[in-house]
Amino acid sequence: MKSDGSFFNICKPYIAMISLQFGYAGMNIITKISLNGGMSHYVLVVYRHAIATAVIAPFAFFFERKAQPKITFQVFMQIFILGLLGPVIDQNFYYAGLKLTSPTFSCAMSNMLPAMTFIMAIIFRMEKVNIKKVIYQAKVVGTVITVGGAMLMTLYKGPLVEMAWTAHRRSIGGGGGGKDTSDRDWFIGCILLIIATLAWASLFILQKAALKTYSNHQLSLTSMVCFMGTLQAVAVTFVMEHDPSVWRIGWDMNLLAAAYAGIVTSSISYYVQGLVMKAKGPVFATAFSPLMMIIVAVMGSFILAEKIYLGGVIGSAIIVVGLYSVLWGKYKEDQEQKNTLIIQEIVKENNNNNNNNNNNNNNNNNNNNNNIVGEEKAAVAIDLPIFTSQVKPIQQV
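With full-length UniProt numbering, letter number 222 in the sequence shown gets 222, and the count goes up by one each step, no holes.
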């Protein structure tokens, strides 16, 4: 029984991350159907993050209401920019790119995130590169490969890759994922997805600074970012959408897309991924992202009769190779830092032990010296009365 329990504990992070990839894949498919059905991606962003705020905020209140950090002007600006980068720029550009391309293509582009984050970290001097070390060479080469794969997917569409199970299926009720997209729209969609990935990477960079203040209040930070993003998304929607009817939402695919994205993608996945990252590290959590692309490709070809092109297949494979090169370098870097910290702790502990031993030796020496001095004083104290007792009779005589 114990072995079964330990085996399950070992498998839990893997089961959690695989389940998350299915959840993300479902979000891409449902969102694609909703967008093709005519829903405005601006409105979808508003509803998604409003639902996410409503789901996360109660948990933040009950679990993190004590010792909340003060919201200074600097903290407010961090939350404001995080809301702008994440819910507004990233999500709107991603949904617009998804509408012009395909779910599989969009997922493949999102695998550029680790490489983009690495580039942003170098630009803002949050990461140093020692090109003489293999781990940094792997990260640099992986970044170049990833960018090259994205450029190939953007500039080369290629011939259609026919799936065996989609030969006789080109459209399935409401999907519309199989309709042709012009080369111009495809190129624009690629650019939008790249901008979305850059915004996402920038969010990670700024989030690292914000987490210094909210290190023990991550749910509170997430709920405030979602709320701020909702307000900003409402303002953007009023500017971009002048037809009031776009706000209407019923018991249909549009409501499902907003609720699914808000509850599953922005709420449950945040909590589960946070637990996995705490237990196994960020590299482990990121390593499963290519699985989502495969799941979306299979689901999209079945549900949407999605068309997959040769350029996307080759570019996706190149991006995955670059992704794992970056992740390998990051993993080795983390291991090196951990080993360095362990060595420093051992050296520090040895130094403390040596200092304690030296102090003990000094104390022992001092005690020995004190004992010797004490014995001499005692000898003098004993001799003097004897001497006086010997002298006094002579004086009396």
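Simulated from the structure, these hints should not be mistaken for laboratory data.
Some hints here could point you the wrong way.
[To be verified] Lysine to aspartate or glutamate pairs mimicking EDC-like chemistry, simulated, CA-CA at most 16 Å apart:
1) Lys-99 with Asp-185
2) Lys-280 with Asp-334
3) Lys-132 with Glu-333
4) Lys-133 with Asp-334
[Said to hold, decoys possible] Just the calculated beta-carbon pair ranges, DEER-fashion:
5) Phe-238 with Ile-15: 35 to 45 Å
6) Phe-124 with Ala-279: 45 to 55 Å
7) Asn-352 with Ala-54: 46 to 56 Å
8) Ser-215 with Glu-345: 39 to 49 Å
9) Leu-341 with Lys-132: 19 to 29 Å
10) Gly-281 with Pro-244: 41 to 51 Å
11) Gly-37 with Ile-314: 23 to 33 Å
12) Val-134 with Val-246: 25 to 35 Å
13) Lys-280 with Phe-59: 17 to 27 Å
14) Ser-215 with Phe-73: 43 to 53 Å
15) Pro-159 with Ser-19: 33 to 43 Å
In this text, all values refer to a predicted model and were calculated from it rather than measured experimentally.
Yeah, the Cβ is synthetic: ideal placement off N, Cα and C, and Gly gets one too.
Comparing the hints with the structure gives:
{"no.": "1", "hint": "Lys-99 with Asp-185", "verdict": "holds, 10 Å"}
{"no.": "2", "hint": "Lys-280 with Asp-334", "verdict": "holds, 12 Å"}
{"no.": "3", "hint": "Lys-132 with Glu-333", "verdict": "holds, 13 Å"}
{"no.": "4", "hint": "Lys-133 with Asp-334", "verdict": "holds, 14 Å"}
{"no.": "5", "hint": "Phe-238 with Ile-15: 35 to 45 Å", "verdict": "holds, 43 Å"}
{"no.": "6", "hint": "Phe-124 with Ala-279: 45 to 55 Å", "verdict": "violated, 28 Å"}
{"no.": "7", "hint": "Asn-352 with Ala-54: 46 to 56 Å", "verdict": "holds, 52 Å"}
{"no.": "8", "hint": "Ser-215 with Glu-345: 39 to 49 Å", "verdict": "violated, 22 Å"}
{"no.": "9", "hint": "Leu-341 with Lys-132: 19 to 29 Å", "verdict": "holds, 22 Å"}
{"no.": "10", "hint": "Gly-281 with Pro-244: 41 to 51 Å", "verdict": "holds, 47 Å"}
{"no.": "11", "hint": "Gly-37 with Ile-314: 23 to 33 Å", "verdict": "holds, 31 Å"}
{"no.": "12", "hint": "Val-134 with Val-246: 25 to 35 Å", "verdict": "violated, 53 Å"}
{"no.": "13", "hint": "Lys-280 with Phe-59: 17 to 27 Å", "verdict": "holds, 23 Å"}
{"no.": "14", "hint": "Ser-215 with Phe-73: 43 to 53 Å", "verdict": "violated, 20 Å"}
{"no.": "15", "hint": "Pro-159 with Ser-19: 33 to 43 Å", "verdict": "holds, 35 Å"}
Against the hints set out earlier in the document, violations occur for numbers 6, 8, 12, 14.
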